[in-house]
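*Asks:* Below, each chain spelled out in residue letters.
Protein chains: 2
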Amino acid sequence: MEFCPRVSGKQNRIRNIFLANVDPDLQSSLLDCMRSPRLVGLDSMNYWIHNKRKSLLKILKRVNIFVANDREARDLTGEHNLIKAAKFLRAGGPEMILIKKGEHGVLFYSDKFIFCLPAYPTDKVVDPTGAGDTFAGGFMGYLSTRRKLDEKAIKKAITYGTVAASYNVEAFGMEKTAELSLEDLENRLFKFKKIVLF
Amino acid sequence: MEFCPRVSGKQNRIRNIFLANVDPDLQSSLLDCMRSPRLVGLDSMNYWIHNKRKSLLKILKRVNIFVANDREARDLTGEHNLIKAAKFLRAGGPEMILIKKGEHGVLFYSDKFIFCLPAYPTDKVVDPTGAGDTFAGGFMGYLSTRRKLDEKAIKKAITYGTVAASYNVEAFGMEKTAELSLEDLENRLFKFKKIVLF
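Taken in order, these protein sequences are the chains called S and G. Under my numbering, read the first sequence as residues 1 to 198, first letter to last. Under my numbering, read the second sequence as residues 1 to 198, first letter to last.
Please note that the accuracy of each hint is not assured.
Note that the list lumps identical chains together, so a pair holds whenever it fits in one copy or between two copies.
Claimed, not checked - Below 27 Å or equal to it, Euclidean Cα-Cα: the simulated DSS-like pairs (lysine-lysine) are: (1) 61 - 112; (2) 193 - 155; (3) 10 - 191; (4) 194 - 152; (5) 152 - 191; (6) 155 - 10; (7) 84 - 52; (8) 191 - 87; (9) 112 - 124; (10) 152 - 52; (11) 124 - 155; (12) 155 - 191.
The hints are simulated quantities; they were obtained by calculation from the structure and are not laboratory data.
Isolated chain S (complex conformation) (with noise of 0.2 Å):
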């Protein structure tokens, strides 16, 4: 492995770690350097999942949260269905899942409860490039925020996940989620809600 990040002193005190998709030999060896994480999220991909499975299927069950979108839970569970895709990797460890189906939105899992919510309808869709992994950001900055990470703070996090993502598409690269403010997020969720709420 040539690329070998190191973690600082301070940085190792973070409590709330979201491990990014990199190879998780990586993600494995970046989380033995924190000292006491309250909460680790986890990303991957189809290249990992078929080139470094075991690996995969050791670090997820050191983490909190696994985020996937819906190729990837299939690829790596074998299992069309996206509820039984769940379940199957809840037993691999994590007691969160989240998979993201792109302009179909996310479906949440956990033995306590299942959380689906639709992605922000835009037609303004520019570049869908790192749309997951800003609803990732999204999701883990609000939980972060949060002491308790029960059902009511999780739902929120998600639909804070959501509507950054929105954002996201509606330009190339990051030309306007570096610039969102969190009244941005607050206003087109008070939208998103009028959208999906009965």
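With chain S's structure known, arrange chain G on it following the hints.
*Replies:* Chain G alone, transformed into the frame defined by chain S:
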């Protein structure tokens, strides 16, 4: 046209009409028989979209609700983005556009509001045949009991269609759907609310 159903004296006074998926010319002649429809829904399929496009576009001007699945909406409009497809269809006549996305739920579009609802998540998918028709039945059935077709009524109708369809996919053909009671629908709707509301 060999199949030419007749509408009896009683039937032609029915006020809430759903023109299920048959030849659009036949749908049109059936609609001609109706005296004073209040609400007209229409479903179609790719065969008619490709082979009777003109007839289909013509009858769309006479319906209130066009119900299509995502592939049909894309095929008919040439728009991949479903919001754009819905706007295109809206411009062709129907005030309300209801795009069914199978396991991913539905998108409703009108000038007044947009509504997105996931499907009821189930891992007991046995046979999806007829799910779209069951959805339409639950949706139209609920609206036919309402005086006002406002946002609240339409959203509720979509939730009834959704839970009705979820029972349909859990057994072959009409096995489960034929036995459904209103209580069954209400029970699942109660569970569904916990899964989609926040």
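*Asks:* Next step is simple, just say for each hint if it's right about the structure.
*Replies:* Going through the hints against the structure:
1. 61 - 112: within (19 Å within a copy, 48 Å between copies)
2. 193 - 155: both (13 Å within a copy, 13 Å between copies)
3. 10 - 191: neither (39 Å within a copy, 45 Å between copies)
4. 194 - 152: both (18 Å within a copy, 11 Å between copies)
5. 152 - 191: Both: 19 Å inside a chain and 16 Å across chains, each within 27 Å.
6. 155 - 10: neither (30 Å within a copy, 50 Å between copies)
7. 84 - 52: within (22 Å within a copy, 40 Å between copies)
8. 191 - 87: Between copies only: 19 Å across, 32 Å inside.
9. 112 - 124: This pair counts as between: shortest inter-copy Cα distance 19 Å, intra-copy 36 Å.
10. 152 - 52: neither (35 Å within a copy, 50 Å between copies)
11. 124 - 155: both (25 Å within a copy, 25 Å between copies)
12. 155 - 191: For residue 155 and residue 191, the Cα distance is within 27 Å both inside one copy (17 Å) and across copies (16 Å).
Violated hints, in rising order: 3, 6, 10; the structure is consistent with all others.
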